[in-house]
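Residue numbers (our numbering), protein chains in the order written: chain P, 1 to 424; chain G, 1001 to 1910.
Hints may contain errors.
What the hints assert, rightly or not - Computed footprint of chain G on chain P; a stretch qualifies when at least three of its residues, placed anywhere within it, have a C-beta under 8 Å from a C-beta of chain G:
#1 189-201
#2 340-351
#3 386-396
Unchecked claim - Straight-line Cα separation of at most 20 Å, PhoX-like style, residue types lysine-lysine; simulated pairs:
#4 P:K366 <-> G:K1131
#5 G:K1130 <-> P:K419
#6 P:K230 <-> P:K47
#7 P:K309 <-> P:K366
#8 G:K1185 <-> G:K1209
#9 G:K1130 <-> P:K366
#10 G:K1429 <-> G:K1412
#11 P:K47 <-> P:K32
#12 G:K1491 <-> G:K1429
In short, the hints are calculated from the structure, not lab data. All C-beta atoms in this analysis are idealised placements derived from N, C-alpha and C, irrespective of residue type, glycine included.
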Amino acid sequence: MERPLTGRMRPGEGPVDLTAYENAGGYGALKKALHQMAPQEVIQLVKDANLRGRGGAGFPAGIKWSSVPSGNDSPRPKYVVADADEMEPGTFKDRFLMEGDPHQLIEGVILTSYAIQAEIAYVFIRWEYTRARRLLEQAIAEAYQRNYVGSHILGTAYSLELKLHVSAGRYITGEASSMLNSLEGRRAVPRPRDPLPTLSGLWGKPTVTHNVETLCNVPHIVNNGAEWFKSLGRTQDAGTKIYGVSGKVNTPGCWELPMGVTVREILEGHAGGMRDGLTLRGFLPGGASTDFLTDQHLDLPMDFESIQKAGSRLGTGGIVVLDDQTCPVGMVYNLIAFFARESCGWCTPCREGLPWLAEMLAAIEKGEGRPQYLEILADQCRLLGPGNTFCPLASGAVEPLQSALKYFREDFERHIREKRCPWR
Amino acid sequence: MVTIYVDNMSYEVREGQNLLGACLSLGFDIPHFCWHPALHSVGSCRLCAVKIFRDENDTRGRIFMSCMTPATDGVRISINDAEVRHFRASVIEWLMLNHPHDCPVCDEGGECHLQDMTVMTGHAYRRTHKKKRTYPNQNLGPFINHEMNRCIQCYRCVRFYRDYAGGRDLDAFGVHSRMYFGRFKEGTLENEFSGNLVEICPTGVFTDKTLKKHYTRKWDLQTAPSICVHCGLGCNIIAGERYSTLRRILNRYNGQVNGYFLCDRGRFGYEFVNRDRRIREPLARTGQGESALQPITPDEALNRLADLIRSSSCMIGIGSPRASLEANFALRALVGEENFSTGMAQAEQDRVSLIADVLRDSPVRSASLLALESADAALVLGEDVTNTAPMMALYLRQSVRQKPMAIADRLKIPRWLDAAVRGAVQEEKGPLFIATPAATGLDDVAAETLRAAPDDIARLGLAVAHELDNHAPRVADLSAEQHALAATIAKALREAERPVVVSGTSSMSPAIIQAAANVARALHAHGLDVRLSFVVPECNSMGAVLMSGFSIEEAVERAETGPIDAVILLENDLCTRAPRELLSKLRASCKNLVVIDHCLTESAADADLVLPAGTFAESQGTLVNNEGRAQRYYAVFPPHEPIRESRHWLREAMIAAGRMKSEQWESFDDLVTQLARTLPVFEAVSNIAPPAGFRIVGRKVARQPHRYSGRTAMLANVAVEEPPPPLDRDSALSFSMEGFQGISPPALTPRYWAPGWNSVQALNKFQEEIAGPLRGGDPGRRLIEPSDKASRNYFDQIPNAFLPHDGEWLILPAYHIFGSEELSVLSPAIAERAPIAYLALNAEDAKSLGVSEEVLAGVEFAGIWVSLPVQIIVGLPQGIALVPKGLERLKGIALPVRTRIRKAETGEQR
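Bound-form chain P, shown alone (with noise of 0.2 Å):
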């Protein structure tokens, strides 16, 4: 099984340093794009590979390239911005790769930047990721060294700037524009859909935002091709994924795996199965905004598709699971109450709606929860739908909890009906 994002880490022996990955066959794919590729030739073989966002969303990443604005009258500077501020909760997969590795993000992000001939580029790093940012920053400074980033890369006609930048810490900026506001030093609030970061981004001009994991897979395609990248995915989605798992499995981690294994093998296979006494209730495919699976799910791939027609997402590949000795109500508040915190305050539904969730939710694990509220819930969930909201933040922070109004209903009538929480 080949692991193209993690093989060359060797756990117990510290992050890949510039020798190792350059002996490894690092920025050979620098090299090979340009000195061999036309940018538009990368964007080409990227949109071949099929490549789709690991961050959550699965925007194939060769179409996001494509409608840069190119040639010699597009508005300049444009911008890569990868997005290291990873805080969905029940994920770290990009914590993972860039402790792990770092120079594969960097040469990722010079490759994207290539293809569409970008000026600057940013990674935009969480502020907890104190050992990723001393990481990158040393890093950068070697790929500046080697001329791998800066005027001129390699004696060619690109130059790249490439910048890292520490985020202040808000959920909310793992959506793009938001980053991009607060990249600008504005507010970490959404921009409006349209036009696309692609068109009016950072600053206005042309821009492309990728997630971590998206960025790593770049050198990999460009080394190896597209057939090669398809080939890897079990099902129609292409490449490897990082599939993460937390709650109480005997062995919690990530694992580079084949776009497509099913839940079960990670959660039985690489996981360790649950922990002695404890079954399997239900479990979030993909980070803490997407809804419950549950054990009859356990056979699906885990591929965009899938899930999605289980009636959940892929999103970050990181499962959080549910035990059956764990208050599913007690699970979904703490859910609740970290996205109300999290809500960036623009829109009415989001800001003043997940706190009124939160509130119900906190007095039913109270037992203080009254009848009338799981029809306020389940309403409340349609009301903070996709469109209703400005940006996705409430729909994804609505989805373990229509769920789990679905799967354990009556866990939830049974803490009214008990004016109790049963597992206290």
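Starting from the known structure of chain P, fit chain G onto it as the hints suggest.
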């Protein structure tokens, strides 16, 4: 035009707008908060949701925000769909989770957009049981009251204050459900347009602090359409009264003039109407010589004036640039055309006359404020508009957004999609050039600024004109730097589509006005749609000049040399408009000085007979603004006897003196008819508003709302029977709640109200199209139009470059929005914001004089040394000093003046 379907009915609407604007224009009620017609769409409140259907077979539809969605051809929407109504009610429910139910004690209650929207969506019952969140409030200074608990986070305040008005000291703080809208640190809101927060805020967070001191509900206010008297722009206002006290000023929309906004001087300067300085009864000197002014009865006063008129062989009438056309005309009729003075100092009159001549004789149109807002390049010569004509600054600030809109257009972003437009345009600004002696409040958005003496500003303007057109005179001896600047400016103006040239009287330099005229003329020669905008000093400066008369200086000279028996001074204080010595000279040479005014000025205090006049709030009249637009204002309440309107005093005295028959000028309209007949320039004034006989379904327009309360009890302490409401013979408005309450002709609109719309946002029902003209047309008529003949050639006088004189400084006035205007500064809230007297110098001059911000400077004015604290102004040209205009301490000083400055000696007058 495109066709849209609203709940299955088809409508034709203008292309390129959003669905919310289109539907409101069609008369539909779609609730909304964050969208404002001047601030456009950001989509944060989510209240204006509608359903959109794919086609006629789509029955489910999807929810969209109408403010964020373009009205495209064939779009099918539903406002009444049950699901979307539920969603809108839910938005209100979310906001009401924390909004206090303190409407009965909230200043906004009864005119609250949030109340209206809550009722409109049908949300009524509270389903949450938690405590509401609370916030500390801030003291934001004398204008604005802050009550954060009521905030519904619509972001309108910061979007207006920061994005639109350019303010820096109000912002959105905090995050999630703990947002805070206020200042970083408690303190006075600094922006000159902060008062608009009162109307922008959809609920009671920002309310009028001056109203709070004499609070009255909207439904208990008697209101009338009026015109602001505190500068020459003629912004339209709604003034409200109860118990003979003027309570507040609100914006009255005029699509051509002030649009949705007012400046803080206009909004909060009204309290002079209620102050102790008011003259409330006739006063006269009973004995000879130095005896004091004593109250007399109105009849006695009239008899005295009539006696004077009968016995005088020659009287001089000094009118006023702050009195209405009608009052000035009545005085002119009394004393005779040849004895009428405009009440302006010679130099000022010359400057305003020059402006009138330029506008009359040039092919270039004068700019409305609307035209300033849509200009795509602007050159400001010698005007600190923020302080001399504040609303002009607000709209010039918008003009710099015009040119960069091309960026949004290229990206196919609709111009109303504000968040996206600002994201794309960023800090790009169109060309705005400002040349003034000192820094101005618009410099932050200017492409280039020049700090120079008035003569050098004129030279720059003339050089720009020459760059544009070789026929314009050439300016010799320009430095390379000045030449380059002139070329840059000329290029930017030339490349614009709708450039505007702004200048005015405040630099006290005719050469600057001529330079502006040359630039505009040169741009016109290139075929550009150029506009000229001149700032004039007062609310009726233009009207007084159009009426024509001689200056104050000439009036005084005539009094000194000729056989003048009496001088009547109408709504004028000579010390405000001319050096103090002129009043002394007039007093020394004239046996009888009659003053008709509303406030006890220095001139009134010096008079032999004083007649108490109504202020703008108690009078009806016409003012001509800087654009040359004649606009009517109406009495908000009848003057309290023995206060009378100036024109009434004059007419009654003429009748008493046998100069006029009692049936003449019986009504205001008669007077206007005669004005128009006598002076053809005012012909259009007869048509600027409906006549007094105008009725809607047989009724006058009611000044009081239909819910006006307490009429039977208001005077119960005096007499228990209910007196009939006062008659208004002069207008089609009634001093009563009886009358028409609907949408009246714009010139008569006393307030904005429509069923379901109790707040100022009811305005949308009064407009033909959102942010377009009012239904029935924007009121007012332009009296000056450009002439096609374009007889005048370029002005060819070129001033010499300014050279500092050894030991002498050129002292120029510095204008202050709060403090420099005669009437508003009598209002306590404005007075609190006025500066103390100072002398401004640049750092080198101050150093050479041995003065500093710690060491007083002495300035010689007409032989008297006055000591003033020093302010260092960076960039002020050497040899130029500034003193604030209009402050009590510096009244009656002739400016500009070349004079000596020294380090103050002890014992000099402070």
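Going down the list of hints, with the structure as the test:
1. Given as covered by chain G, the region 189-201 of chain P passes the check, having 6 residues with a CB less than 8 Å from a CB of that chain where 3 are the minimum.
2. Residues of the region 340-351 of chain P with a Cβ under 8 Å from some Cβ of chain G number 11, which satisfies the need for three, so the listed coverage holds.
3. Coverage of the region 386-396 of chain P by chain G holds [criterion: at least 3 residues with CB-CB distance below 8 Å; count 4].
4. Our distance criterion of 20 Å between C-alpha atoms is met by P:K366 and G:K1131, whose separation comes to about 17 Å.
5. The hinted pair formed by G:K1130 and P:K419 meets the criterion: a straight-line CA distance of about 18 Å does not exceed 20 Å.
6. Of the supplied pair hints, the one linking P:K230 and P:K47 holds, its CA atoms being roughly 11 Å apart against a limit of 20 Å.
7. About 35 Å separates the Cα atoms of P:K309 and P:K366, which puts this hinted pair outside 20 Å; it is violated.
8. A threshold of 20 Å between alpha carbons decides the hint, and for G:K1185 with G:K1209 the separation of about 19 Å falls inside it, so the pair holds.
9. The straight-line distance between the Cα atoms of G:K1130 and P:K366 is roughly 14 Å, inside the 20 Å bound, and the hint therefore holds.
10. Of the supplied pair hints, the one linking G:K1429 and G:K1412 holds, its CA atoms being roughly 19 Å apart against a limit of 20 Å.
11. Of the supplied pair hints, the one linking P:K47 and P:K32 holds, its CA atoms being roughly 18 Å apart against a limit of 20 Å.
12. This hinted pair checks out: G:K1491 and G:K1429 have alpha carbons roughly 16 Å apart, not beyond 20 Å.
Checked against the numbered hints above, the structure breaks only hint 7 and satisfies the rest.
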